[in-house]
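A.B. asks: Sequence:
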Amino acid sequence: MNKQVFILLACLAMTVSSVAQEIVELPISKSNEYPTWKGEEKEYFSEIWQTKVVTNVSKPTMEVFRPDPALSNGTSVVICPGGGLYAHSIDSEGNDVAKWLNQKGVTAFVLKYRLVPTEGDGVKQLNIDGLKVQENASKMLPFSVEDALNAIEHVRTNANGFGINPDRVGLMGFSAGGAVTMGATFGAEEKNKPNFIAPVYAWMKIVPTSEVPTDAPPAFIVCASDDPLMLAPASVQLYSDWLSKGKIAELHMYAKGGHGFGMRKQNLPSDTWIERFDEWLTVMGWMK
Numbered sequence: 419m420n421k422q423v424f425i426l427l428a429c430l431a432m433t434v435s436s437v438a439q440e441i442v443e444l445p446i447s448k449s450n451e452y453p454t455w456k457g458e459e460k461e462y463f464s465e466i467w468q469t470k471v472v473t474n475v476s477k478p479t480m481e482v483f484r485p486d487p488a489l490s491n492g493t494s495v496v497i498c499p500g501g502g503l504y505a506h507s508i509d510s511e512g513n514d515v516a517k518w519l520n521q522k523g524v525t526a527f528v529l530k531y532r533l534v535p536t537e538g539d540g541v542k543q544l545n546i547d548g549l550k551v552q553e554n555a556s557k558m559l560p561f562s563v564e565d566a567l568n569a570i571e572h573v574r575t576n577a578n579g580f581g582i583n584p585d586r587v588g589l590m591g592f593s594a595g596g597a598v599t600m601g602a603t604f605g606a607e608e609k610n611k612p613n614f615i616a617p618v619y620a621w622m623k624i625v626p627t628s629e630v631p632t633d634a635p636p637a638f639i640v641c642a643s644d645d646p647l648m649l650a651p652a653s654v655q656l657y658s659d660w661l662s663k664g665k666i667a668e669l670h671m672y673a674k675g676g677h678g679f680g681m682r683k684q685n686l687p688s689d690t691w692i693e694r695f696d697e698w699l700t701v702m703g704w705m706k
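Last residue of the sequence shown: number 706 in the working numbering, and the count goes up by one each step with no gaps.
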């Protein structure tokens, strides 16, 4: 093998290694299977949302995003992207969030929880019939919540392998992912309880009414007052509920930002919400 070919192969190997995904498959235990999936999970660029999405998820998985070992602080976050439980906005509310947190030393896990079965363009189906969407999402939520709880349990059980602290496992969710986050918070047991939560413009309308847990984790809550889906009042209520029970909560309510801003840049103060999250984690002592 000549020197040039050797160097080329070495470069290719390093490139493949650098983009290799670390995927964890999660178990499924619910027997009352409401969904009937047809076809395979799909990943594509949505012209409607102008971003990459994943739809028709029937087998829950999560991708591991590890920080530089020199930066790692032992804190981790399981991230639940939004998308009405019909899709995952996998970049703006998933992968991009994970990569940003990695720069701060946080280990991140982007969860693909189970979604409402769809064929064709799942995002397009989401925009057809609002009442049907809410009905399907409400029926789907328990399965998605199970996936989030299993994700937390897996992360905590395998903390040593991930190089994290089992007492610093957070759960973050956007929109429908926020509903998954809150459903998991209300239904958690000791083994899968998040140590802190971050519901971001959470879709609380599909979350069954529940009392604030006696051991409720600290909450970092984000939304925009001009959210066109009218999610702001529920975020304020969530904050008030936490305070009324003497629990730790922080609320960031932006005048403008709309819905689904995630990691999108709109040249608005809401662009910096994740910096506020970093500050909150620091104040809470989870970034040491």
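The hints are simulated quantities; they were obtained by calculation from the structure and are not laboratory data. By construction, the Cβ of each residue, glycine as well, lies at the ideal position given by its N, Cα and C atoms. Just to be clear, a hint being listed does not mean it is correct.
[What the hints assert, rightly or not] Computed cross-link-like contacts, DSSO-like style, restricted to lysine-lysine with a CA-CA straight-line distance of at most 27 Å:
hint: 1; residue 1: K623; residue 2: K522
hint: 2; residue 1: K706; residue 2: K517
hint: 3; residue 1: K460; residue 2: K557
hint: 4; residue 1: K706; residue 2: K623
[What the hints assert, rightly or not] Computed beta-carbon distance windows for the label pairs:
hint: 5; residue 1: K517; residue 2: E443; range: 39 to 49 Å
hint: 6; residue 1: T627; residue 2: W467; range: 22 to 32 Å
hint: 7; residue 1: K663; residue 2: N545; range: 36 to 46 Å
A.B. asks: Check the following: the C-beta atoms of T627 and W467 are separated by a distance inside 22 to 32 Å.
C.D. replies: Since T627 and W467 have Cβ atoms about 30 Å apart, the given range 22 to 32 Å holds.
A.B. asks: Is the straight-line distance between the alpha-carbon of K623 and that of K522 27 Å or less?
C.D. replies: With Cα atoms ~33 Å apart, K623 and K522 exceed 27 Å; violated.
A.B. asks: Take a quick look at whether K706 and K517 sit within 27 Å of each other, Cα to Cα.
C.D. replies: Judged against 27 Å, a Cα distance of about 19 Å means the pair holds.
A.B. asks: Look at the Cβ atoms of K663 and N545 and judge whether their distance stays inside 36 to 46 Å.
C.D. replies: 37 Å, holds
A.B. asks: Is it true that K517 and E443 lie within 39 to 49 Å of each other by Cβ?
C.D. replies: This hint is violated: roughly 22 Å between Cβ atoms.
A.B. asks: Would the hint linking K460 and K557 be met if the CA-CA limit is 27 Å?
C.D. replies: The given pair, whose Cα atoms are some 21 Å apart, holds under the 27 Å limit.
A.B. asks: For a C-alpha distance cap of 27 Å, please report whether K706 and K623 respect it.
C.D. replies: 36 Å, violated
The structure fails hints 1, 4 and 5 (numbered hints given earlier, in ascending order).
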